[in-house]
Amino acid sequence: AQSVTQLDSQVPVFEEAPVELRCNYSSSVSVYLFWYVQYPNQGLQLLLKYLSGSTLVKGINGFEAEFNKSQTSFHLRKPSVHISDTAEYFCAVSDIDSSYKLIFGSGTRLLVRP
Amino acid sequence: NAGVTQTPKFRVLKTGQSMTLLCAQDMNHEYMYWYRQDPGMGLRLIHYSVGEGTTAKGEVPDGYNVSRLKKQNFLLGLESAAPSQTSVYFCASTGGTEAFFGQGTRLTVV
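Just so you know, the protein sequences line up as chains A and B, in that order.
Heads up: the first sequence begins at 1 in our numbering, then just goes up one per residue.
Heads up: the second sequence begins at 1 in our numbering, then just goes up one per residue.
Looking at chain A on its own, in the form it has when it is part of the complex:
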């Protein structure tokens, strides 16, 4: 069964600094990979997705992620964060063989400080 690991439960960073949120998943033949963001007391919003093709995926709000098949990773990056990026970030994986069920990591709280 698929599993997703987000190694960092919380990442504090200063405003305008770069950030990387790490995500690793268990191996599968073919997977779809996603990053979602959740602001306090709100639902999940899709940041970006990898379905196929280029391994560098660009998303909304200046975020990007790189799919690395050999390392089974899908790390999220942003070159310069803003206070408004403070939120919970979830990595998720799904594949056709599992009825497209999304398997989520436990989440990483990004805390941007002034």
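For the record, the hints were derived by calculation from the structure and aren't laboratory data.
Note that the coordinates shown come from a computational prediction; the quantities given were computed from them, not determined experimentally.
Hints are not guaranteed to be accurate.
What the hints assert, rightly or not - If you want the footprint, here are the derived chain B segments under chain A, 3+ residues with CB under 8 Å:
hint, segment
1, 22-29
2, 68-79
Claimed, not checked - No farther apart than 25 Å at their CA atoms in a straight line, the calculated lysine to any residue pairs in the SDA-like style are these:
hint, chain 1, residue 1, chain 2, residue 2
3, B, K70, A, Q2
4, A, K69, A, N41
5, A, K58, B, G95
6, B, K9, A, R109
7, B, K57, A, Q2
8, A, K69, A, P40
9, A, K49, B, G40
10, A, K49, B, G3
Claimed, not checked - Distance windows between CB atoms, simulated:
hint, chain 1, residue 1, chain 2, residue 2, range
11, A, H82, B, T54, 39 to 45 Å
12, A, E15, B, V88, 42 to 48 Å
13, B, N73, A, S26, 18 to 24 Å
14, A, H82, B, S18, 17 to 23 Å
For glycine and all other residues, C-beta sits at the position ideal for the given N, C-alpha and C.
Following the hints, position chain B against chain A.
Chain B only, in chain A's frame:
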């Protein structure tokens, strides 16, 4: 453009009471899911459906039942609520490549 709509948004139940959460989607998606979100645990799959009239168990199905009588609706039932079911519940649907989520239902069982 409603997307995925969950009702109710908030609910407080007493232990032993029952309730049904409704999820409705207007995107003609085949696949629908119910998740629960608890602090530090991400979202865990309760039940899911791959089409009208079908349901299947997810990771944490105990204490819940579901039905998908119509393609656009996916109902989650709690027959006898327990404090351990205090959580935020999210419904999602997908046509295969991207899942769309409802805004969540915050359920408290006292």
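### Query
Which hints, by number, does the structure contradict?
The structure conflicts with hints 1, 2, 3, 4, 8, 12, 13 and 14, although it agrees with all the remaining ones.
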